[in-house]
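**Q** This is what each chain is made of:
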Amino acid sequence: MRLPLIAAGAALLVHGVLAITQLAGALPAERRWLRSEAVTSRWQRELARASIGRIRSTTGEWRAHAASLGAMKLANAQWEAAKRKVVETLLRLEKDPDARKDVDDALREMERRLDE
Amino acid sequence: MSRRIGVAAVSLVSAAIFVALLGPRAGLTIFAVLALHETGHAVAAWLFTRRAPAVMVMPAFFGLTIAPGVATRPAADRVAYNLAGSWGSSVVALALLPLAVRSDWVFSFAWALLLVNVVNVLPIPGTDGGRVSWLLTATLPWRWRVGVTGLLVAVGFALAYWLRLPLVWIAWSVNSVVLLPLTWMRKDVPSALAPRAAVAWSVVHVVTVTALLHALWVMLSMGDPLSRLQRGLAL
Chain A
43 MRLPLIAAGA
53 ALLVHGVLAI
63 TQLAGALPAE
73 RRWLRSEAVT
83 SRWQRELARA
93 SIGRIRSTTG
103 EWRAHAASLG
113 AMKLANAQWE
123 AAKRKVVETL
133 LRLEKDPDAR
143 KDVDDALREM
153 ERRLDE
Chain B
4 MSRRIGVAAV
14 SLVSAAIFVA
24 LLGPRAGLTI
34 FAVLALHETG
44 HAVAAWLFTR
54 RAPAVMVMPA
64 FFGLTIAPGV
74 ATRPAADRVA
84 YNLAGSWGSS
94 VVALALLPLA
104 VRSDWVFSFA
114 WALLLVNVVN
124 VLPIPGTDGG
134 RVSWLLTATL
144 PWRWRVGVTG
154 LLVAVGFALA
164 YWLRLPLVWI
174 AWSVNSVVLL
184 PLTWMRKDVP
194 SALAPRAAVA
204 WSVVHVVTVT
214 ALLHALWVML
224 SMGDPLSRLQ
234 RGLAL
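If you read the sequences in order, they're chains A and B.
Numbering-wise, the numbering used here puts 158 at position 116 of the first sequence, and it's gapless, one number per residue.
Numbering-wise, the numbering used here puts 87 at position 84 of the second sequence, and it's gapless, one number per residue.
No lab work stands behind these hints: they were computed from the structure.
Backbone N, C-alpha and C fix where the C-beta goes; we use that ideal spot for every residue, glycine too.
It cannot be assumed that every hint is accurate.
As the list claims (entries may be wrong) - Label pairs and their computed distance ranges (CB to CB):
id : chain 1 : residue 1 : chain 2 : residue 2 : range
1  : A       : Thr100    : B       : Arg54     : 49 to 59 Å
2  : A       : Asp146    : B       : Ser5      : 50 to 60 Å
3  : B       : Ser5      : A       : Arg84     : 51 to 61 Å
4  : B       : Leu15     : A       : Gly51     : 50 to 60 Å
5  : B       : Phe160    : A       : Ala119    : 23 to 33 Å
6  : A       : His57     : B       : Ala19     : 32 to 42 Å
7  : B       : Leu162    : A       : Ala119    : 24 to 34 Å
8  : A       : Gly51     : B       : Pro198    : 18 to 28 Å
9  : B       : Trp145    : A       : His57     : 26 to 36 Å
10 : B       : Thr213    : A       : Ala106    : 35 to 45 Å
11 : B       : Val22     : A       : Arg96     : 18 to 28 Å
Claimed, not checked - Computed, partial: chain A to chain B, Cβ under 7 Å:
id : residue
12 : Pro46
13 : Ala50
14 : Ala66
15 : Leu69
Next comes chain B alone, as it looks inside the complex (with noise of 0.2 Å):
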């Protein structure tokens, strides 16, 4: 009980300081958003364990779920577990594309959704999609790893290219030669998945990073973007 008093209080303070430094409208904006993905994850590890999990907003601009027994589920179910609060999201943020046509204010709360869960959910360490990647990958023989880190690395340098954005080219550099294999140096390595197993949980996780990205699209091309993010969250 005296647990959950202390995580309630974590997040209403967390819900003060971004009003304080964002204004009503952006701070509640961003607190709903982390808040939301964090039950995504909550409601996954409670399918899993059938042990109520906490969710608790820091006041750092992130999330946390304290979700007992899921460390110790297999590879898989953890997977599950770390995509499941950009899936969750996800479905919100799908739900209130068409009325984004329309209101400034949930056109920006569809786009803070969309924009932190396709930045969480991308092979980066210390997010879900680093923690998804390496569930996948650490039990590779070493040259496999080289092999994915290579491919990542092709994947960002394209991309940055085709965007004319050198900042994303030399942040996913950094990402991926220096950052990721040191990931997999941790060492508690989980045990291994099955080869189709983490064939088909690797497409699952490029095909939700593709359809964040669509929907990012769809929302970039609903006219002056930031513009209405300005007047949505009255910054």
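The following block holds chain A by itself, in its conformation from the complex (with noise of 0.2 Å):
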């Protein structure tokens, strides 16, 4: 009996230290994660973020790229309006290349929003 003891309690130690750091705020406790109609659209915000970091990263698979970001359905009106010009811009760098520019501008008001 002494083993499951032993780990119970080194468990319940794991949860206790982790509290306690929480609460001295050494680490981090986003509430938010624990609240579930903000888990959604708190994945929606990372989803979309790592979309845009991809979409800097590299130089080419406009069309690829845009039909990913197309198929991102975001439940927030704004988001969802800063995504469809990310995508709308994207589209038109696949014919001109000069439209990078609005590229980076579309997406840098996609993050605005994002971080609002």
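Fit the two chains together into the complex; they arrive one by one in their own frames, and the hints show the way.
**A** Right, here's the structure in full:
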């Protein structure tokens, strides 16, 4: 019986140490992750941010980026509008290499919306 | 000796496949996560049997520990052996948490360790958690097994509703209603655990899952987790 008591004690100790460290502010505790309605929007924001990072770090495959971003459904109307603008500029960029600046502007605008 | 060479060769081939499919950083990170998990099992196997186990990472993104003598150990030892893979990885992941705040790669490694191990320790057939729940319930009367299944279904539904993730809901329903009782129909029923020991190990199983989830929540709180994963694993 000693081993399960030690194991359960160790796991509870982990909970305690994590909780105390979070309460002390040394480790983050984003409460929104614990609220149901916020999980989806937070996750959408993370996905959208990751897409922005991917688009910025590549120099081609604009149609694929536009398709994957277009398939992403964002619940927030302003995020969705900013996303559509990015998709539109990406499709334009495929035909016209000079549209890169428009893409950058649209990405910055989308990032600003996501940060609000 | 030839078996050890074979085990090392399979693991090396797996590492090469992971690198080819995911790139060097992500491939070797996943390899290390799987190898570390299996090392936890191997340490437990050696402590219980004093016989040298072998750890192998397979090309299909899972690991194996060949541990002679474990299958004939008492049920309690087998429960501990199955949980040990996640315990070992959790210790490493928790030790890395303070560094994960600063480094994207450490963040990605610790995140992958926690995610792989929390999924592995859930009561899903084929995983360590599935084997643990089977070892803990296989000798219970049928009514109790139905009761435990009902409880798991209820917990899964509550969690899926809370997270508003229908896929979790569907996956959990299929797992709980269909697959878990199927696992119980296996013929190799282990020696019964004493009721107090079964309760104690069930508590250990539950708090192992909740401690891993708590650590995952801490990591999710660290800001931009997907972007950090992308940078950390060079995806």
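**Q** Run every hint past the structure and note whether it holds.
**A** Verification of the hints:
At roughly 51 Å, the beta carbons of Thr100(A) and Arg54(B) sit within the given window of 49 to 59 Å. Separated by about 59 Å at the C-beta atoms, Asp146(A) and Ser5(B) satisfy the suggested range of 50 to 60 Å. Between Ser5(B) and Arg84(A) the beta carbon distance is about 52 Å. The supplied range of 51 to 61 Å therefore holds. About 39 Å separates the C-beta atoms of Leu15(B) and Gly51(A), a value inconsistent with the hinted range of 50 to 60 Å.
For the pair Phe160(B) and Ala119(A), the beta carbons lie near 31 Å from each other, so the given range of 23 to 33 Å is met. Distance hint for His57(A) and Ala19(B): a CB-CB separation of about 39 Å, consistent with the stated range 32 to 42 Å. Under the hint 24 to 34 Å, the C-beta atoms of Leu162(B) and Ala119(A), about 29 Å apart, fit the expected range. Roughly 21 Å separates the CB atoms of Gly51(A) and Pro198(B), a value that falls within the hinted 18 to 28 Å.
Taking 26 to 36 Å as the suggested C-beta distance range, the pair Trp145(B) and His57(A) conforms, at roughly 34 Å. Separated by about 40 Å at the C-beta atoms, Thr213(B) and Ala106(A) satisfy the suggested range of 35 to 45 Å. Between Val22(B) and Arg96(A) the C-beta distance comes to about 21 Å, which sits within the given range of 18 to 28 Å. At about 4 Å, the closest approach between the beta carbon of Pro46(A) and any beta carbon in chain B falls short of 7 Å, and the interface hint on this residue holds.
Because the beta carbon of Ala50(A) sits about 5 Å from the nearest beta carbon in chain B, less than 7 Å, this interface hint is met. Hint on Ala66(A) is violated. Least Cβ distance to chain B is approximately 13 Å, over the 7 Å limit. The interface hint given for Leu69(A) is met, as the beta carbon of that residue sits about 5 Å from the closest beta carbon of chain B, less than 7 Å.
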